[in-house]
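Chemist: Sequence:
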Amino acid sequence: MQTHATRTDVVAGVDGSPESLAAAHWAAQEALRRGAGLGLVHAWHFRPRPEPDVPLGTTERDWAEEILREAVDSVRAAHPALTVDADLVSGSAVSALLGAAPDARLLVLGSLGLGGVAGFVTGSVSQRVVARSPRPVVLVRAGQSAAAEHLPAVDGVAPDEIPEIPFRSVVVGLDLGRPCDELIEFAFDASRRRLTDLRAVHVADDQDAAEGAAQALAALLLPWRGKYPQVSVTETVSSGRPAAELVRAAEGAGLVVVGRRTGAAAGDHTGPVTRAVLHHVSCPVAVVPHA
18 MQTHATRTDV VAGVDGSPES LAAAHWAAQE ALRRGAGLGL VHAWHFRPRP EPDVPLGTTE
78 RDWAEEILRE AVDSVRAAHP ALTVDADLVS GSAVSALLGA APDARLLVLG SLGLGGVAGF
138 VTGSVSQRVV ARSPRPVVLV RAGQSAAAEH LPAVDGVAPD EIPEIPFRSV VVGLDLGRPC
198 DELIEFAFDA SRRRLTDLRA VHVADDQDAA EGAAQALAAL LLPWRGKYPQ VSVTETVSSG
258 RPAAELVRAA EGAGLVVVGR RTGAAAGDHT GPVTRAVLHH VSCPVAVVPH A
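Per this note's numbering, residue 18 is the first one in the sequence shown, and the count goes up by one each step.
No lab work stands behind these hints, which were simulated from the structure alone. Among the hints, a few may not be true.
Pairwise CB distance ranges, derived in the manner of DEER restraints [said to hold, decoys possible]:
| hint | residue 1 | residue 2 | range |
| --- | --- | --- | --- |
| 1 | Gly108 | Asp214 | 39 to 47 Å |
| 2 | Arg93 | Glu228 | 52 to 60 Å |
| 3 | Gly243 | Thr100 | 13 to 21 Å |
| 4 | Thr76 | Pro119 | 39 to 47 Å |
Heads up, the beta-carbon is just placed ideally off N, CA and C, and yes, glycines get one too.
Start from the sequences and build out the full structure, keeping to the hints where you can.
Modeler: The following block contains the structure:
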């Protein structure tokens, strides 16, 4: 299988798991929305003794090529009009994905189940890439399908009619103490591409602060409403624990957008609210790095 690096807007990591295949198909849909190509990246290690999942008589590289080929074939079969490029990299998955990030505008990775140790445990590939990527990263659950981003279809709707069904809302969590243009622009752009509404959520410290926060949120979003007049925006300010309130606000959403601070002070970490969303929200989650 011929493999090569490519410059594309959307790059997805694949490793043969159901969640990475779901991520590849989500990334394919996003690439089509952007009018861009899709890059699929798979990393492999040479080991004197192949891993147990490598079929007998097959080399590590041959098995890696097969994993990547199957992902490419699956995406191309579902999206024949999409340009799909494959990149087989020798090395760690984290290094391969971070190496692809500067030439991409978006990274897409698979995620395991909700909560518990099965999800974003310390040291996992997704956790480290999210914490270090210079580009936005979207995490997609296993089993996530194109239909899941849309509102429920009535009986009798054929699969090829799903794109005509309205998308679920995009939800963005905003910290008014550290407003971020990159985060807001990503959320508005995602809503525009999906022709759906945007729900902007801020959690105030207490009820007394909520009224002032509502005015500040409206003022923050006013110029963005002018830049994206086609996007219908709902502003919500509540009080309580930010993580719990944002997870609650994300129910029924098609995409949730949260931020991650960069720089020496933040280090290679995600904040507590972003971690909670990654653990407990079932729809795709976009993590946008910002200063």
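Chemist: Compare the structure with each hint and give your call.
Modeler: Now for the hints, and whether the structure bears them out:
Gly108 and Asp214 have their C-beta atoms about 42 Å apart, which keeps the hinted 39 to 47 Å range intact. The hinted range of 52 to 60 Å is satisfied by Arg93 and Glu228, whose Cβ atoms lie roughly 53 Å apart. Between Gly243 and Thr100, the C-beta spacing of about 34 Å breaks the proposed range 13 to 21 Å. A hinted range of 39 to 47 Å is violated for the C-beta pair Thr76 and Pro119, which are about 30 Å apart.
This entry does not satisfy hints 3 and 4, going by the numbered hints stated previously.
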